[in-house]
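**Q** Protein chains in written order, with this note's numbering: chain A, 12 to 296; chain B, 2 to 267.
There could be a bad hint or two in this list.
[Claimed, not checked] Covered stretches of chain B (chain A as the covering partner; in silico rule of three or more C-beta atoms under 8 Å from a C-beta of chain A):
1. 178–184
2. 206–215
[Stated by the list, open to error] Calculated from the model, a selection of chain A residues having no Cβ within reach of chain B, i.e. all distances over 12 Å:
3. Thr20
4. Glu104
5. Glu110
[What the hints assert, rightly or not] List time: in silico BS3-like cross-link candidates among lysine-lysine, alpha-carbon distance up to 30 Å:
6. A:Lys85 to B:Lys177
7. B:Lys180 to A:Lys43
8. A:Lys114 to B:Lys142
9. A:Lys161 to B:Lys132
10. B:Lys41 to B:Lys69
11. A:Lys270 to A:Lys95
12. B:Lys199 to A:Lys69
13. B:Lys72 to A:Lys85
14. A:Lys173 to B:Lys199
15. A:Lys225 to B:Lys177
16. A:Lys71 to B:Lys65
17. B:Lys177 to A:Lys95
18. B:Lys244 to A:Lys43
19. A:Lys85 to B:Lys199
20. B:Lys72 to A:Lys88
21. A:Lys88 to B:Lys241
22. A:Lys114 to B:Lys199
23. B:Lys142 to B:Lys244
24. B:Lys65 to B:Lys245
25. B:Lys244 to B:Lys177
26. B:Lys177 to A:Lys161
27. B:Lys180 to A:Lys173
28. B:Lys69 to A:Lys71
29. B:Lys65 to B:Lys177
30. B:Lys41 to B:Lys72
31. B:Lys142 to A:Lys69
32. A:Lys88 to B:Lys142
Hints listed in this document are in silico derivations from the structure and should not be mistaken for laboratory results.
The beta carbon of each residue, even a glycine, is placed where N, CA and C say it ideally should be.
In case you want the letters, here they are:
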Amino acid sequence: MQIQVRNLTHIYSEGMPYESVALEDISFDINKGEFVGVIGHTGSGKSTLIQHLNGLLKPKSGSILIDGVDITGKDVKMRDIRRKIGLVFQYPEYQLFEETVHKDVAFGPLNLGLSQEETDQRVAEAIGLVGLDYEEIANRSPFELSGGQKRRVAIAGVIAMKPEILILDEPTAGLDPKAHADILRMVERIHEVQQNSIILVSHNMGDIARLAGKVLVMDRGRLALTGTPGEVFRQADLLESLGLGLPPATYLMRELQSKGVPVSGDILTMEEAEEELYRILSGEK
Amino acid sequence: MIRDITLGQYYPGNSWVHRLDARIKIIWTFVYIVSLFLIKDFWGYIAVLVTLALIIGVSRVPLKFILKGLKPIFLIIVFTFTINMFMTKGTPLFTLGFLTITREGLYNAVFMGIRLVFLIIGSSLLTLVTKPINLTDGIEKLLSPWQRAGLPAHELAMMMTIALRFIPTLLEETDKIMKAQMARGADFESGNIMNRAKSLIPLLVPLFISAFRIAQDLAMAMEARCYRGGSHRTRMNGMKLKKKDGVACFLMLAYLALIVLQRGVW
Numbered sequence: 012m013q014i015q016v017r018n019l020t021h022i023y024s025e026g027m028p029y030e031s032v033a034l035e036d037i038s039f040d041i042n043k044g045e046f047v048g049v050i051g052h053t054g055s056g057k058s059t060l061i062q063h064l065n066g067l068l069k070p071k072s073g074s075i076l077i078d079g080v081d082i083t084g085k086d087v088k089m090r091d092i093r094r095k096i097g098l099v100f101q102y103p104e105y106q107l108f109e110e111t112v113h114k115d116v117a118f119g120p121l122n123l124g125l126s127q128e129e130t131d132q133r134v135a136e137a138i139g140l141v142g143l144d145y146e147e148i149a150n151r152s153p154f155e156l157s158g159g160q161k162r163r164v165a166i167a168g169v170i171a172m173k174p175e176i177l178i179l180d181e182p183t184a185g186l187d188p189k190a191h192a193d194i195l196r197m198v199e200r201i202h203e204v205q206q207n208s209i210i211l212v213s214h215n216m217g218d219i220a221r222l223a224g225k226v227l228v229m230d231r232g233r234l235a236l237t238g239t240p241g242e243v244f245r246q247a248d249l250l251e252s253l254g255l256g257l258p259p260a261t262y263l264m265r266e267l268q269s270k271g272v273p274v275s276g277d278i279l280t281m282e283e284a285e286e287e288l289y290r291i292l293s294g295e296k
Numbered sequence: 002m003i004r005d006i007t008l009g010q011y012y013p014g015n016s017w018v019h020r021l022d023a024r025i026k027i028i029w030t031f032v033y034i035v036s037l038f039l040i041k042d043f044w045g046y047i048a049v050l051v052t053l054a055l056i057i058g059v060s061r062v063p064l065k066f067i068l069k070g071l072k073p074i075f076l077i078i079v080f081t082f083t084i085n086m087f088m089t090k091g092t093p094l095f096t097l098g099f100l101t102i103t104r105e106g107l108y109n110a111v112f113m114g115i116r117l118v119f120l121i122i123g124s125s126l127l128t129l130v131t132k133p134i135n136l137t138d139g140i141e142k143l144l145s146p147w148q149r150a151g152l153p154a155h156e157l158a159m160m161m162t163i164a165l166r167f168i169p170t171l172l173e174e175t176d177k178i179m180k181a182q183m184a185r186g187a188d189f190e191s192g193n194i195m196n197r198a199k200s201l202i203p204l205l206v207p208l209f210i211s212a213f214r215i216a217q218d219l220a221m222a223m224e225a226r227c228y229r230g231g232s233h234r235t236r237m238n239g240m241k242l243k244k245k246d247g248v249a250c251f252l253m254l255a256y257l258a259l260i261v262l263q264r265g266v267w
C-alpha cells in the first residue's frame, strides 16, 4: 500500500478574519512497509497533515492517492479509508468510553462491520500486541487503569482494526521514561507483526533517528526537508533554526569533534555512538 | 466543522460599537429584546430592521458572519414556523389532509419566525462586539447594587466568565473526540434517530470526563493563585462612562420611544 501526497494545501477558517494557512503545497510519498517519522515545531501543521491522510480533513487543493485512489474525492467511502489507515491521536486515552476494556477495543472492528467472533479474536490479539494481559484486563473498566495502561488500551483500539498504515501522533507525550520506552518498543513490535507502514509524529529526535527510515520535517505548514535520518540530521543549523534539534548521540559526537576527537559526524543512535567510541578508544583506524 | 458555531463568539474589531461601555450594550440588548415582544405588526419590524442594519453597519461585522450564527437554530425556527402555521385557528386558506393552514396561522408563523431571527441576531450581536471579559465585568457592575440584598454578583459574573471562556475549549474537545472516534469508524451522520442518539455515547462519555477534568484543573489553578471570591478585589481597568456612551443611551431611549409609540398609535 502506497500513499502519494501531491500539492496538498489546507486553510483553516477560510473567509474569516482569523483564517490561517495550515498546509501549503505539500508533496511526498510513503511506500509499503516504510517507517516514517514526522518532526516539526508545535503548530507547524503535523497534526493537520495526518488528519488529511485518513480523510478527517479535506484539503483546499491537492490530492492524496492511496493505492492510486484519490481519497479527497466526494464519492470515496470513508469506511474503506479508515479500514486501511488507522490514526491514533495525541492523548488517545481521553477517547475511552466503554464499560470494559474489551468492549472499548471492539468498538473499531465492530464499526468496520466485522463479525463478533472475528472481533473478539482481534481484540485479544491487539491487547496482547500492546503488551497487556488479556485475561487480566479484558473485563475491567478502562477508567480504573493507570495512565500508561489506558494509552495502550486506546492504541489497541486502533490496532484491532488492522490498518495497513498506522499513524501515531506523539504516542509518548506525557509519559514517564519507562512507559515512553515501552510504548516505542510496542510500536516496533506492531510494525514487525502486522507488517504495516507506520507514521510516527514525535518531538523526540532520538526516537525518530532510531526508528524511522524516512523523516519529514514540517515548518509553518510547509515541508522543509525530507530524507533518511542520516540526511536530515546532517542539517543541524537548519533544524535548529526551525526550533528543532539533533538526537542526543549526534550532539555528543559533534561536541567531541569540536574538541578534536576524530569521531564520525553521522552518528544518530546511542548504539552507533557506543560502537564509534569503542572504535576510537581501542585505537582502531 | 463544529468550530463554525458563532453563538457567543467575539468578532475582533475597534469600531464605535466595539468601544462602547459593556453596561450600555447589555442594557441596549435587554431593551431590544423587550421591544421585540412589544411589536404587534410588521411596521414595527421595519424600525427594528433599520436599527439592526445601522448597528451592524457601524460595527463592521460582516453580515455573512452574523447570518452564520443562525444556522444552529435553523431547526428551531422551522419548528416554530410549522407549529404556528398549522395550529392557529381562523379562516382556512387551504387544507392538506387533516392539516389546515389558516390565514391567521400563516401570518403568525411569519411574524414569529421574524421575531426569532431578530432575537438571535440581536443577542448574538452583543457578544460579537463585546469582549467576553468586558461583558462579564459589565454584568458584575450592573448586578452590584443587589449585592447588599445577598446576591453574589462577583461570583455570578465569574461563573459566566468561565462558562464563556470554556465554550471554545469544549468545542475543540468535542471536535477532537469526534475525530478520534470517527478514525475508529464511528458514524455520527447517518442512521435513524435511535441509532444517532446511540452513536453519541462514544462522544458524550469522554466529553463529560474531559469537562470534569478541566474544571478540576481550573479550580486548582485558581486556588493556587489565592482566589477568594469577590471581596476586596480591585480591577485594572475601571469602567467609566464616556460621551459616546451617553449618545448610545440617548439613541436607545429614542428607539424605545418609537417602539412604544407604534404600539399605542397604530
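**Q** Holds or violated: are the alpha carbons of B:Lys142 and B:Lys244 at most 30 Å from each other?
**A** OK: B:Lys142 and B:Lys244 at ~19 Å, within 30 Å.
**Q** Holds or violated: are the alpha carbons of B:Lys72 and A:Lys85 at most 30 Å from each other?
**A** Holds. B:Lys72 to A:Lys85 sits at ~23 Å (cutoff 30 Å).
**Q** Is the Cα-Cα distance between A:Lys114 and B:Lys199 30 Å or less?
**A** 15 Å, holds
**Q** Taking 30 Å as the top limit, are the C-alpha atoms of A:Lys71 and B:Lys65 close enough?
**A** Given pair A:Lys71, B:Lys65 holds - Cα atoms ~21 Å apart, limit 30 Å.
**Q** Does B:Lys199 lie within 30 Å of A:Lys85 when you go C-alpha to C-alpha?
**A** 27 Å, holds
**Q** Compare the distance between the alpha carbons of A:Lys225 and B:Lys177 with 30 Å, and conclude whether the hinted pair is satisfied.
**A** 28 Å, holds
**Q** Hey, B:Lys244 versus A:Lys43, does the alpha-carbon distance stay inside 30 Å?
**A** Status violated; Cα separation ~70 Å.
**Q** At a Cβ distance under 8 Å, does chain A reach at least three residues of the region 178–184 of chain B?
**A** holds (count 6)
**Q** Would A:Glu110 pass as off the interface with chain B, using Cβ distances and a cut of 12 Å?
**A** 10 Å, violated
**Q** For the pair supplied as a hint, A:Lys88 and B:Lys241, is the alpha-carbon distance within the 30 Å limit?
**A** 59 Å, violated
**Q** Per the coverage rule (Cβ-Cβ under 8 Å, at least three residues), is the region 206–215 of chain B covered by chain A?
**A** holds (count 4)
**Q** Just to be careful, I want the Cα atoms of B:Lys177 and A:Lys95 compared with a cutoff of 30 Å; is the pair within it?
**A** 21 Å, holds
Hints 4, 5, 8, 9, 11, 18, 21, 25, 31, 32 from the list above are not met by this structure, while the remaining hints are.
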